[in-house]
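Asker: Each chain, letter by letter, is given below.
There are 2 protein chains.
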Amino acid sequence: MEKDEMTQEMEHYQRIVRAFLYYRIHSLKRVNQARRCFTSLSKEDQQLAPKFTTKLDLIKMAIGVNYDFIRTILQRTQNLFLNSEIYQMDEVISSVYIKLTYLISTVPEFDMEKVKSTIKQFVRDWSKEGEKERNTCYLPIINEILRLFPRDDIQPNAINILVPGAGLGRLAFEIVKLGYNCQGNEISLYMLITSNFILNNCTTTEQYVIYPWVHQYCNIAGFDDQVRNIKIPDMAPSEIPKDTSFSMCAGDFLLVYNDPGKKWDCVATCFFIDTAHSIIAYIKKIYQILKPGGYWINLGPLLYHFADMAGEQSLELSYEEVKTVIENVGFSYEKEEKGIVSGYTQDPSSLMTTLYHNIFFIVRKPEIDQQQ
Amino acid sequence: MEKDEMTQEMEHYQRIVRAFLYYRIHSLKRVNQARRCFTSLSKEDQQLAPKFTTKLDLIKMAIGVNYDFIRTILQRTQNLFLNSEIYQMDEVISSVYIKLTYLISTVPEFDMEKVKSTIKQFVRDWSKEGEKERNTCYLPIINEILRLFPRDDIQPNAINILVPGAGLGRLAFEIVKLGYNCQGNEISLYMLITSNFILNNCTTTEQYVIYPWVHQYCNIAGFDDQVRNIKIPDMAPSEIPKDTSFSMCAGDFLLVYNDPGKKWDCVATCFFIDTAHSIIAYIKKIYQILKPGGYWINLGPLLYHFADMAGEQSLELSYEEVKTVIENVGFSYEKEEKGIVSGYTQDPSSLMTTLYHNIFFIVRKPEIDQQQ
Numbered sequence: 000m001e002k003d004e005m006t007q008e009m010e011h012y013q014r015i016v017r018a019f020l021y022y023r024i025h026s027l028k029r030v031n032q033a034r035r036c037f038t039s040l041s042k043e044d045q046q047l048a049p050k051f052t053t054k055l056d057l058i059k060m061a062i063g064v065n066y067d068f069i070r071t072i073l074q075r076t077q078n079l080f081l082n083s084e085i086y087q088m089d090e091v092i093s094s095v096y097i098k099l100t101y102l103i104s105t106v107p108e109f110d111m112e113k114v115k116s117t118i119k120q121f122v123r124d125w126s127k128e129g130e131k132e133r134n135t136c137y138l139p140i141i142n143e144i145l146r147l148f149p150r151d152d153i154q155p156n157a158i159n160i161l162v163p164g165a166g167l168g169r170l171a172f173e174i175v176k177l178g179y180n181c182q183g184n185e186i187s188l189y190m191l192i193t194s195n196f197i198l199n200n201c202t203t204t205e206q207y208v209i210y211p212w213v214h215q216y217c218n219i220a221g222f223d224d225q226v227r228n229i230k231i232p233d234m235a236p237s238e239i240p241k242d243t244s245f246s247m248c249a250g251d252f253l254l255v256y257n258d259p260g261k262k263w264d265c266v267a268t269c270f271f272i273d274t275a276h277s278i279i280a281y282i283k284k285i286y287q288i289l290k291p292g293g294y295w296i297n298l299g300p301l302l303y304h305f306a307d308m309a310g311e312q313s314l315e316l317s318y319e320e321v322k323t324v325i326e327n328v329g330f331s332y333e334k335e336e337k338g339i340v341s342g343y344t345q346d347p348s349s350l351m352t353t354l355y356h357n358i359f360f361i362v363r364k365p366e367i368d369q370q371q
Numbered sequence: 000m001e002k003d004e005m006t007q008e009m010e011h012y013q014r015i016v017r018a019f020l021y022y023r024i025h026s027l028k029r030v031n032q033a034r035r036c037f038t039s040l041s042k043e044d045q046q047l048a049p050k051f052t053t054k055l056d057l058i059k060m061a062i063g064v065n066y067d068f069i070r071t072i073l074q075r076t077q078n079l080f081l082n083s084e085i086y087q088m089d090e091v092i093s094s095v096y097i098k099l100t101y102l103i104s105t106v107p108e109f110d111m112e113k114v115k116s117t118i119k120q121f122v123r124d125w126s127k128e129g130e131k132e133r134n135t136c137y138l139p140i141i142n143e144i145l146r147l148f149p150r151d152d153i154q155p156n157a158i159n160i161l162v163p164g165a166g167l168g169r170l171a172f173e174i175v176k177l178g179y180n181c182q183g184n185e186i187s188l189y190m191l192i193t194s195n196f197i198l199n200n201c202t203t204t205e206q207y208v209i210y211p212w213v214h215q216y217c218n219i220a221g222f223d224d225q226v227r228n229i230k231i232p233d234m235a236p237s238e239i240p241k242d243t244s245f246s247m248c249a250g251d252f253l254l255v256y257n258d259p260g261k262k263w264d265c266v267a268t269c270f271f272i273d274t275a276h277s278i279i280a281y282i283k284k285i286y287q288i289l290k291p292g293g294y295w296i297n298l299g300p301l302l303y304h305f306a307d308m309a310g311e312q313s314l315e316l317s318y319e320e321v322k323t324v325i326e327n328v329g330f331s332y333e334k335e336e337k338g339i340v341s342g343y344t345q346d347p348s349s350l351m352t353t354l355y356h357n358i359f360f361i362v363r364k365p366e367i368d369q370q371q
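These protein sequences, in sequence, are chains A and B.
Anchor point for the first sequence: position 292 equals 291 in numbering that gives the first Met the number 0, and the numbering is continuous, going up by one each time.
Anchor point for the second sequence: position 245 equals 244 in numbering that gives the first Met the number 0, and the numbering is continuous, going up by one each time.
For reference, chain A alone in the conformation it holds in the complex:
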């Protein structure tokens, strides 16, 4: 790695750590804003909602608990990355702490949204409350893996499955638990730091308590909904069968899979393909890294992560166009199901629900590749 690249990576890492550390100040600012709005009302109006400030005190307490959890995650992040000598976490944390008051204005709102969505990701991947969402999104993929690579006929640990966009690692973990080899790939340091923590440091179920919904001030039904907690993980991630290989690979999916000698039996993508600048590049890459006869299983919507983001390339295709690209690249459709309805880190008690009508498909690379 070049020195410049190392410096850049270090700066990026520090930016993420800074965002995590800024969580408490940022979230309390929002509470204080709500308090200021309330106390600016007339005394008469305030008396009409007498428990409002009590709720804000509870929110403050919940933010404190989330922050302690974030600190625990950061403390376990030492030596996580290849060039660990530059990631002396204690030093980073201390230096960041010292500088924090100067740096507050440099933590963009965008980064804080990432921190808050990382907290919600725990619910999706590692809580009892997330089970319904997981069953809708991960089970169809897992069932197809079991059908395509039946464990009665095939040694599962002879099968190599790649999960790009692995997030907090639950889908990859479930695949490994069945005995297959699995690698998760993830670009987001928020996710990598957090999945490292959950996969390598959580030894018992319900070890931690977090308040994932505490930042939602709108569409709340009852007083307690905003300040209810969840316990994580629902399952200790240490239960992995022997003789399987489980790894996480950090980096951009398009850049890190370039070894022509390493091909996959199966690529499983869940809420991933619309994170590309060009979905065409993703589709071609998946084709390229699969073995002849290999399968690509996909479930998710077409939200397009970079759509309308200033200065970012974003190619938005309809599903019909995506399908054309998939077929033109050389894949053949084995299965297609539309309208599998699921949320994504959805608060089940919110008065507002965002649902995705997911596209689910299995496509196959030909045994004899015409194009290679």
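Among the clues, some could well be false.
The list cannot tell twin chains apart, which means a pair is met if one copy fits it or any two copies do.
[As the list claims (entries may be wrong)] Straight-line distance between alpha carbons at most 27 Å, and here's what the computed BS3-like set of lysine-lysine pairs gives: (1) 42 / 284; (2) 334 / 50; (3) 50 / 322; (4) 42 / 127; (5) 131 / 337; (6) 176 / 28; (7) 322 / 42.
Source of the hints: derived by calculation from the structure; they are not laboratory data.
Since the structure of chain A is already known, use the hints to place chain B on it.
Answerer: This is chain B only, laid out in the frame that chain A set:
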């Protein structure tokens, strides 16, 4: 009206007209951005999605049709407002046209979102495609009005019903069609200009064609979904019974209803109460303007329009807290139903759906008011 106030109002009006007129340029910029992204791909990648630029041409055509419709609306807006002498639309349009090239940078993204959501509002209020959404949101309110003020026992045109947040006027129109007197109140000039057009200028059904979904580039299933059109109105708004009074009142709900001599039999709010800076102020105002024994019927979520909007006061109460305020103000609950699920200007073909679990209630002001 003070001169300064008149100038301010004129400037506000011109801002809205400017946003409407900027629609075409703004929307075509987005198309060109998509085209640039596509043509920056390699020739090989472009050939994998061969119909992409054809779709963009169709989108351009659809934007042109929408723009012609906007121009028609603006041309019918002359003499709409009280002080019509300052609203010489032709002059405004001409002067705005001349200045438009200089003014482009002054039309904020926020205003353009309003223009695009106004177009979608037509689907909700005045199209066949919006019928399902209307039945979920408006029918429960209308049925309760018929139950509370039965037309066999009461002269309906002796009953005065107010609809704050009237939008494009369909709910108010439906109430008037049943013979009740109804006034819609609306603060948004986007809505006022457009509801004036639909209520006073549309004489036949399906008179106009618009492309409401043309600005959604994400979560599209099929090639044609983004460029499909709808016809409006589904019903000619001229069919109003004689001897009823139907009016629209422009302005801030908290400021315009101050006549102590004018009280209402019923206030019907649909997706309105969360548009307040302080929902407490709205609740108190509704109580104040109702006759003793009068009813407030509400359906909608608690999204809170001003939440997290920079520099804006926003009081976000949970429904439980809202209910406490309603009761503390002096209302008594007659009916309450939670979880009436509906969209709001939701594209039914989108792969992403936002649903609201609406709160529906009827509360009553006491016959003998303890507090007055």
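Asker: Taking 27 Å as the upper bound on the Cα-Cα distance, should residue 42 and residue 284 be classified as within, between, both, or neither?
Answerer: between (63 Å within a copy, 17 Å between copies)
Asker: For the identical chains here, do residue 334 and residue 50 meet the 27 Å Cα criterion within one copy, between copies, both, or neither?
Answerer: between (54 Å within a copy, 24 Å between copies)
Asker: First find the shortest C-alpha distance between residue 176 and residue 28 inside one copy, then the shortest across copies, and answer within, between, both or neither for a cut-off of 27 Å.
Answerer: Neither way: residue 176 and residue 28 sit 42 Å apart in one copy and 49 Å across, limit 27 Å.
Asker: Regarding residue 322 and residue 42, is the shortest C-alpha distance of 27 Å or less found within a copy, between copies, in both, or in neither?
Answerer: between (61 Å within a copy, 19 Å between copies)
Asker: How would you label the pair residue 50, residue 322 (within, between, both, or neither) given a Cα cut-off of 27 Å?
Answerer: Answer is between: at 12 Å across copies they meet the 27 Å cutoff, but 54 Å inside does not.
Asker: One pair to classify: residue 42 and residue 127, alpha carbons no more than 27 Å apart. Within, between, both, or neither?
Answerer: neither (43 Å within a copy, 48 Å between copies)
Asker: Treating 27 Å as the Cα threshold, decide for residue 131 and residue 337: within, between, both or neither.
Answerer: both (19 Å within a copy, 22 Å between copies)
Violated hints, in rising order: 4, 6; the structure is consistent with all others.
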